[in-house]
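S.K.: Use the sequences and the hints to build the structure in full.
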Amino acid sequence: MHIMEGFLPVAHAVGWTVASAPFVVVGARRLKTVLAEHPEARLSLGAAGAFAFVLSALKLPSVTGSCSHPTGTGLGAITMGPAVMSVLGTIVLLFQALLLAHGGLTTLGANVFSMAIAGPWIAWGVWKLAGKMGAPAALAVFLGAFLGDLGTYVVTSVQLALAFPDATSGILGAFLKFGGIFAITQLPLAVAEGLLTVVVVNLLASRQAGTESKA
Amino acid sequence: MILEARGLHYAYAGGVAALDGLDLSVERGRRLAILGPNGAGKTTLLMHLNGTLRPAAGQVLLDGEVQTHGRAALAAWRRRVGLVLQEPDDQLFAPSVAEDVSFGPLNLGLSEDETRARVTEALDSLRIGDLAERPTHMLSFGQKKRVAIAGAVAMRPEVLLLDEPTAGLDQFGAVHLLAVLEKLRTGGATLVFTTHDVDLAWAWADTVALFVNGKVVRQGPPEDVLADTEALAQARLKPPLLLDLGLAARDHGWLPPSARLPRTRAEAMALMENISR
Amino acid sequence: MILEARGLHYAYAGGVAALDGLDLSVERGRRLAILGPNGAGKTTLLMHLNGTLRPAAGQVLLDGEVQTHGRAALAAWRRRVGLVLQEPDDQLFAPSVAEDVSFGPLNLGLSEDETRARVTEALDSLRIGDLAERPTHMLSFGQKKRVAIAGAVAMRPEVLLLDEPTAGLDQFGAVHLLAVLEKLRTGGATLVFTTHDVDLAWAWADTVALFVNGKVVRQGPPEDVLADTEALAQARLKPPLLLDLGLAARDHGWLPPSARLPRTRAEAMALMENISR
Amino acid sequence: MIPSDRLAHTSRWRKRALAEKALLSLGLLVLALALPPWPGAALVLAAAVVCSVTAGTPLGALVRLAAGPLAFILTGAATLTVQGGPEGLHFSQAGAHQAGLLVLRSLAAVSALLLLTVTTPASDLVQGLRRLGLPAEVAEVALTTYRLLFVLLDTAAAIHTSQEARLGTVGWRRRIRSTGLLLGNLLPRALDRARRLELGLAARGFDGSLRTLSPARPVRPANVAIIAMLLIALGGAGLWI
Numbered sequence: 001m002h003i004m005e006g007f008l009p010v011a012h013a014v015g016w017t018v019a020s021a022p023f024v025v026v027g028a029r030r031l032k033t034v035l036a037e038h039p040e041a042r043l044s045l046g047a048a049g050a051f052a053f054v055l056s057a058l059k060l061p062s063v064t065g066s067c068s069h070p071t072g073t074g075l076g077a078i079t080m081g082p083a084v085m086s087v088l089g090t091i092v093l094l095f096q097a098l099l100l101a102h103g104g105l106t107t108l109g110a111n112v113f114s115m116a117i118a119g120p121w122i123a124w125g126v127w128k129l130a131g132k133m134g135a136p137a138a139l140a141v142f143l144g145a146f147l148g149d150l151g152t153y154v155v156t157s158v159q160l161a162l163a164f165p166d167a168t169s170g171i172l173g174a175f176l177k178f179g180g181i182f183a184i185t186q187l188p189l190a191v192a193e194g195l196l197t198v199v200v201v202n203l204l205a206s207r208q209a210g211t212e213s214k215a
Numbered sequence: 001m002i003l004e005a006r007g008l009h010y011a012y013a014g015g016v017a018a019l020d021g022l023d024l025s026v027e028r029g030r031r032l033a034i035l036g037p038n039g040a041g042k043t044t045l046l047m048h049l050n051g052t053l054r055p056a057a058g059q060v061l062l063d064g065e066v067q068t069h070g071r072a073a074l075a076a077w078r079r080r081v082g083l084v085l086q087e088p089d090d091q092l093f094a095p096s097v098a099e100d101v102s103f104g105p106l107n108l109g110l111s112e113d114e115t116r117a118r119v120t121e122a123l124d125s126l127r128i129g130d131l132a133e134r135p136t137h138m139l140s141f142g143q144k145k146r147v148a149i150a151g152a153v154a155m156r157p158e159v160l161l162l163d164e165p166t167a168g169l170d171q172f173g174a175v176h177l178l179a180v181l182e183k184l185r186t187g188g189a190t191l192v193f194t195t196h197d198v199d200l201a202w203a204w205a206d207t208v209a210l211f212v213n214g215k216v217v218r219q220g221p222p223e224d225v226l227a228d229t230e231a232l233a234q235a236r237l238k239p240p241l242l243l244d245l246g247l248a249a250r251d252h253g254w255l256p257p258s259a260r261l262p263r264t265r266a267e268a269m270a271l272m273e274n275i276s277r
Numbered sequence: 001m002i003l004e005a006r007g008l009h010y011a012y013a014g015g016v017a018a019l020d021g022l023d024l025s026v027e028r029g030r031r032l033a034i035l036g037p038n039g040a041g042k043t044t045l046l047m048h049l050n051g052t053l054r055p056a057a058g059q060v061l062l063d064g065e066v067q068t069h070g071r072a073a074l075a076a077w078r079r080r081v082g083l084v085l086q087e088p089d090d091q092l093f094a095p096s097v098a099e100d101v102s103f104g105p106l107n108l109g110l111s112e113d114e115t116r117a118r119v120t121e122a123l124d125s126l127r128i129g130d131l132a133e134r135p136t137h138m139l140s141f142g143q144k145k146r147v148a149i150a151g152a153v154a155m156r157p158e159v160l161l162l163d164e165p166t167a168g169l170d171q172f173g174a175v176h177l178l179a180v181l182e183k184l185r186t187g188g189a190t191l192v193f194t195t196h197d198v199d200l201a202w203a204w205a206d207t208v209a210l211f212v213n214g215k216v217v218r219q220g221p222p223e224d225v226l227a228d229t230e231a232l233a234q235a236r237l238k239p240p241l242l243l244d245l246g247l248a249a250r251d252h253g254w255l256p257p258s259a260r261l262p263r264t265r266a267e268a269m270a271l272m273e274n275i276s277r
Numbered sequence: 001m002i003p004s005d006r007l008a009h010t011s012r013w014r015k016r017a018l019a020e021k022a023l024l025s026l027g028l029l030v031l032a033l034a035l036p037p038w039p040g041a042a043l044v045l046a047a048a049v050v051c052s053v054t055a056g057t058p059l060g061a062l063v064r065l066a067a068g069p070l071a072f073i074l075t076g077a078a079t080l081t082v083q084g085g086p087e088g089l090h091f092s093q094a095g096a097h098q099a100g101l102l103v104l105r106s107l108a109a110v111s112a113l114l115l116l117t118v119t120t121p122a123s124d125l126v127q128g129l130r131r132l133g134l135p136a137e138v139a140e141v142a143l144t145t146y147r148l149l150f151v152l153l154d155t156a157a158a159i160h161t162s163q164e165a166r167l168g169t170v171g172w173r174r175r176i177r178s179t180g181l182l183l184g185n186l187l188p189r190a191l192d193r194a195r196r197l198e199l200g201l202a203a204r205g206f207d208g209s210l211r212t213l214s215p216a217r218p219v220r221p222a223n224v225a226i227i228a229m230l231l232i233a234l235g236g237a238g239l240w241i
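Sequence lines, in order, name chains A, B, C and D. One point on numbering: in the UniProt record's numbering, the residue at position 49 of the first sequence is 49, and numbering is uninterrupted. One point on numbering: in the UniProt record's numbering, the residue at position 268 of the second sequence is 268, and numbering is uninterrupted. One point on numbering: in the UniProt record's numbering, the residue at position 59 of the third sequence is 59, and numbering is uninterrupted. One point on numbering: in the UniProt record's numbering, the residue at position 69 of the fourth sequence is 69, and numbering is uninterrupted.
Heads up, a few of these hints could be off.
Below are the DSS-like pairs computed for lysine-lysine, each with C-alpha atoms no more than 27 Å apart in a straight line [unchecked claim]: (1) D/K15 with C/K144; (2) B/K238 with C/K144; (3) C/K183 with B/K238; (4) C/K238 with B/K183.
Just so you know, the hints here were simulated from the structure itself, not pulled from any lab data.
M.R.: Laid out in structure tokens, this is it:
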């Protein structure tokens with residue numbers, strides 16, 4: 001769930017940029033090391049980034065009929081790992097802002113924090129944890145993607161609540177307001193994204209198996 | 001007329017007109033070639049004929065009935081008019097051939113048994129029954145192309161729209177594909193295909209529609225449309241080689257004016273034999 | 001011989017032999033067509049001829065010298081032998097045309113000024129100077145194809161390898177592309193192209209190499225190789241239509257045995273004129 | 001096809017120096033955030049729209065581009081018009097006033113961002129960032145992303161069309177499944193494309209870096225001066241009126 005350009009007060013925009021920066025810088029360092037060893041990986045990473053962009057540009061059927069997009073955080077984190085996702089996610093968010101006016105430049109830091117850092121780490125952590133606790137593979141994938149998506153939405157609601165606390169009920173009240181109003185689209189979307197990710201991961205696994213049995 | 005387009009208008013996002021008052025009619029049980037150069041918008045036209053794109057103005061009629069773009073109407077429309085795109089990789093998404101071909105029948109709400117029967121029937125009619133269990137991404141280009149067609153055929157459409165069916169195939173692959181399509185047609189299907197290959201249109205179409213600048217500028221029997229050098233030039237095309245040779249032979253009196261012009265290599269060779277007598 | 005392959009062996013990951021003791025020789029300044037059906041491994045062969053793939057056995061010689069696959073040797077080799085893939089999207093990576101074409105010259109270590117000159121020269125020789133600032137993703141297929149060739153030409157290779165250069169192009173696009181390639185050849189370049197189109201090989205090659213089962217089974221002048229019905233049948237191909245017609249004309253005595261067989265539509269029409277006299 | 005990208009490539013300002021366009025748009029963006037929303041943001045909004053139209057963007061296209069962000073802005077702002085209290089939620093006059101100003105400010109900021117996107121291809125901006133010190137590796141991955149996303153969007157559209165043709169998008173469950181199948185096919189194809197691109201670029205001497213030569217578009221001091229004056233005038237007007 002993107003925060004649009006100009007929606008956050010200056011101090012908050014700066015604050016979230018500062019909060020996200022270390023993750024992205026560390027990710028970029030990782031990227032540099034990876035690319036020093038595998039120069040050709042810049043092409044496959046570019047392809048993965050393009051894929052993530054297309055993924056987030058797809059309209060998902062949602063119950064309310066409004067246009068909603070999968071975040072792709074779960075799928076990205078499960079297939080590529082959360083560290084690389086912080087850089088790729090930032091690139092994708094930048095292009096979404098520039099090409100679709102979805103998100104923004106001053107709100108990039110805040111959006112990176114929710115969608116390229118918090119979401120992927122939650123999704124990855126839940127997926128790993130569920131797997132360790134013996135959950136079936138499909139359930140682990142579903143939980144990872146579902147909670148990763150919910151996580152980005154909760155973080156965004158927190159970001160908005162911090163920026164616009166309720167006059168009487170404060171930050172908590174504002175969080176409940178923002179959370180409540182966006183829940184209408186985000187809850188079904190999170191379920192959809194969870195199911196979708198399961199379909200994708202299953203298909204990728206079966207293709208893998210097909211290739212190996214043939215080779 | 002099983003399928004008709006009347007006054008279709010459509011513009012791309014950039015404002016360039018793709019269809020500019022296009023009329024087209026398709027007779028039941030025949031092979032219609034939509035002929036035009038690359039980038040003319042032939043694919044866009046096909047996507048109007050099964051309701052994928054919605055024209056800014058104009059109508060598509062199926063069996064004389066104007067089609068609408070409501071959810072239920074579209075489903076009924078697409079059940080009757082199948083579409084096969086040029087690139088088979090865009091159409092095969094299930095892990096195995098049989099699973100992929102089952103996609104359409106299952107979406108029609110058929111039972112598992114019926115679906116299985118449909119899949120077998122479609123694969124057999126494309127002569128690829130032996131590929132059923134193969135993973136789709138390990139097939140050759142020609143095999144993929146046939147599986148993609150089987151995916152459409154399994155829904156038993158009355159009209160099959162094919163975008164550049166022989167593009168990318170070698171001689172052998174093209175000949176086999178055409179043989180299979182011919183079998184579908186004798187089974188009752190109506191075939192509409194786009195192509196930029198005048199020789200293919202000449203060899204294989206019953207009717208040719210010449211597509212230029214968003215309109216069908218001529219539609220008729222191949223010997224009329226493909227001999228119209230001026231109209232072809234608008235589409236940056238030249239007449240088929242065999243048509244040119246046949247007309248020359250007619251001019252020289254080796255073929256009677258009423259005789260059929262050679263459409264295939266065999267017919268051209270037979271004509272040479274005739275001349276020598 | 002500017003380029004030679006001797007006894008190349010190569011197998012895909014699955015163990016299927018792609019090249020199985022392949023020999024090939026390319027004469028300087030000529031047009032060699034490597035003819036074979038789809039899936040025969042023609043692309044794999046081209047990738048050996050510029051060192052992209054390394055054979056399990058056998059050698060590639062450039063101007064009589066055996067080439068090696070060390071980093072410096074490869075760079076020198078690829079500077080002299082350019083490769084243009086069939087699918088232009090596999091070679092265009094930069095956001096705009098001029099940027100994309102500058103990639104090769106910059107990799108040669110040329111200065112910015114020299115690079116700019118090379119880019120202009122390459123775009124002009126492909127007759128697409130007006131596209132320089134256009135975004136890659138807004139080009140038509142035919143334009144992309146020419147930009148991909150310009151990207152190779154900007155490195156001024158002595159030999160240009162082209163994978164199915166006319167595949168996917170319409171008549172007009174193909175004719176224009178061949179005209180541009182012809183200009184490059186008269187400028188001194190040697191052209192090697194793969195194709196499954198016997199008519200293209202007949203119309204445009206100086207030499208044809210017939211590629212079957214990982215080997216070149218015949219190499220020679222088109223009128224010999226393309227008239228060898230048996231050898232062609234191994235490659236699931238038939239002789240070019242015009243060759244067949246020309247041979248029939250020769251059989252019937254309309255062409256003297258030593259006369260050149262018609263290779264183009266114009267030559268065929270002229271032959272018809274001759275017969276009528 | 002992405003509308004704003006097409007507009008940027010066909011913009012009358014396409015060949016203006018990147019620095020000029022960035023100074024103007026980002027300057028307006030800063031003003032939108034820094035000035036008091038009334039009348040500052042309103043002035044910025046007007047300036048950004050006038051500049052976009054001057055650059056050749058049809059007003060209708062601009063409105064369509066703003067529609068998506070606007071939906072979010074309005075929903076977000078709507079929450080400010082209600083206040084929580086001990087007896088539940090109730091409408092708040094003060095909140096509504098705050099929401100109105102927020103909408104105005106966001107809209108001004110979005111229009112400044114749009115001015116940038118309809119005059120400047122995203123790839124130019126990445127090249128600019130690279131000159132400003134963005135690591136080359138990150139820039140190259142970003143530019144590859146830019147190039148390939150158009151290829152993949154076309155592929156995704158074709159897959160979607162073929163799924164529609166076989167009735168794969170009727171009903172919620174089928175749409176989820178079809179979208180999953182689409183993505184599950186797109187990812188391997190994206191990676192496969194990257195592999196083939198690697199082979200294609202190897203033939204052109206790919207040695208690890210993706211250097212290219214961008215067309216030189218020199219900055220005109222006169223334009224910079226005009227832009228600076230415009231920004232100062234807007235800033236002054238926004239503060240004093």
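S.K.: Hinted pair, alpha-carbon criterion (27 Å max): C/K183, B/K238. Please report holds or violated.
M.R.: This hinted pair holds, its Cα atoms lying about 23 Å apart.
S.K.: So if I understand the rule, the pair passes when the alpha-carbon distance is 27 Å or less; does D/K15 with C/K144 pass?
M.R.: The given pair, whose Cα atoms are some 22 Å apart, holds under the 27 Å limit.
S.K.: So if I understand the rule, the pair passes when the alpha-carbon distance is 27 Å or less; does C/K238 with B/K183 pass?
M.R.: 23 Å, holds
S.K.: For the pair we were handed, B/K238 and C/K144, check the Cα-Cα distance against 27 Å.
M.R.: This hinted pair holds, its Cα atoms lying about 24 Å apart.
Hint compliance for this structure: no hint is broken.
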